[in-house]
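Trainee: These protein sequence lines are chains A and F, in that order. Residue numbering for the first sequence follows full-length UniProt numbering, starting at 1 and increasing by one per position. Residue numbering for the second sequence follows full-length UniProt numbering, starting at 1 and increasing by one per position.
Be careful, since some hints might not be right.
In this list, chains with the same sequence are indistinguishable; a pair is considered to hold if it fits within one copy or across any two.
[Claimed, not checked] EDC-like mimics (lysine to aspartate or glutamate), calculated; alpha carbons at most 20 Å apart, straight line:
{"#": "1", "residue 1": "Lys-188", "residue 2": "Glu-83"}
{"#": "2", "residue 1": "Lys-188", "residue 2": "Asp-136"}
{"#": "3", "residue 1": "Lys-42", "residue 2": "Asp-60"}
{"#": "4", "residue 1": "Lys-188", "residue 2": "Glu-71"}
Calculated directly from the structure, the hints in this document are not laboratory data. Because the structure is a prediction, the values reported are computed rather than measured.
Given next are the chains, with one letter for each unit.
Number of protein chains: 2
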Amino acid sequence: MPQVNAPRLKAGRPPTTSRAQILAAARGLIDRNGWERLTIRKLAAEIGVGATTLYHHVQDKEDLLFLLINEYGEQVSHPGLPEEPRERVIAAAATIHDALAAWPWAAEVLTTDGFIARLGDSPLGLVEAVVAGAIDYGCTPDHAVYVFRSIWYYTVGEILVRSHTARRGNGAATTHHGAFFGNIDAEKLPHLAALGDRWAVLAPRDTYVDGLRALVDGLLAQGVAARA
Amino acid sequence: MPQVNAPRLKAGRPPTTSRAQILAAARGLIDRNGWERLTIRKLAAEIGVGATTLYHHVQDKEDLLFLLINEYGEQVSHPGLPEEPRERVIAAAATIHDALAAWPWAAEVLTTDGFIARLGDSPLGLVEAVVAGAIDYGCTPDHAVYVFRSIWYYTVGEILVRSHTARRGNGAATTHHGAFFGNIDAEKLPHLAALGDRWAVLAPRDTYVDGLRALVDGLLAQGVAARA
DNA sequence: GTTAATTTCAGAACGCGTTCGAAAACTCGG
DNA sequence: CCGAGTTTTCGAACGCGTTCTGAAATTAAC
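Given these sequences and hints, build the entire structure.
Mentor: Right, here's the structure in full:
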């Protein structure tokens, strides 16, 4: 490590590949084939370089996906959020919901451990809005985190079920007759058996928002009570 | 395909491997090394057979994991659940929570698409209790599904955050100074920046249950309102 | 006893994400 | 102009889940 304080601005073999180029190609492949079918090797082939080259511009495949998500997150418009704390929480959460609904594969990626620490400032802005709203409402900071976490998983769950349903139809891969469950014991599980294929019925956005309101109301009240 | 109607009860090379043996070995490896480190090849080597042999007793690796989960699910005790519908929903959900907390890797596996269709009767019994409670309370069947789904993701999210925190400590892998977030812009995201490492603070079980009550109250009220 | 059918077993191989090590292509100090 | 240092590129290889193909071991039929 010689000459630490003398920054050499240019040295080394000139790159033929750029991170932006990789991300653009990845976006194209995902749009065409779906993100499950994106492989590092195919992505490299698309660009016309060796597979291992990509690892100089991107840490992992997961890192690549997070870069894409953050790129998308930059474009999500933050509408003017209401001043009133409770409404601000709900509006921010609904914005998160709509962004994920438009890009369902992001929700699948974002179930990864520790995802949130890897988001960029812009997507985190909506998280900030939820936390700030909860604190303004009177929650402790710790409880505000809890509020966000509950909302987050509530929202992601909704998105996952929807994209799962859209992909495979009403029945899951393991079932046959259109019913969601395979062989269910109607004696022991009468309600589930009676549901048939209605398990995968989609909740419309209004239902999501109504449920969100209920959840937020409960969480905020709990947060204020905890402070007292 | 000759002699379709004449069932030959025994034919073919006698098996040296049984599904039960595979599951037992898998359980051992998971207990010793964690489920992330379980590989088909190591599992086969542990038993002393070729890797491909396992595929005659199990569909996939995912199938293997679900078999283990269902085995565990059989052992989860279903306590006497309260008669009153709302309390029944809460008690069943709390039982699910406690079972997952005792076996956190199950929660990670169960975020897979369509998971629930692959659960056995015994674990589904708790799902049944939630749905039945919601219907008894006055929700429509469709909304009862929604109630369960919301509770489910709320619960799984809590478990995931806990096991993530337990595994990597308070900070995620991408952070350094003990803070959960990496380089956060304190100007744009003041509340998140102020949180520091408190993002990963665990909610104790009581907080979980309180939040659950809030969620269930809201969801049930919404379900009844939807019916009217 | 021979042959056919059937079931289990396992080696070879595929594509995957990823790592290692060496070669290529540049800048810069001398 | 020449090596030293540095950065990029890429072929080879590893372990993974999984599939394919064929061999081994048994029962059933004749």
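Trainee: Now tell me if each hint is right for this structure.
Mentor: Consistency of the hints with the structure:
| no. | hint | in the structure |
| --- | --- | --- |
| 1 | Lys-188 x Glu-83 | between (50 Å within a copy, 17 Å between copies) |
| 2 | Lys-188 x Asp-136 | between (47 Å within a copy, 17 Å between copies) |
| 3 | Lys-42 x Asp-60 | within (15 Å within a copy, 25 Å between copies) |
| 4 | Lys-188 x Glu-71 | between (49 Å within a copy, 18 Å between copies) |
Checked against the numbered hints above, the structure violates none of them.
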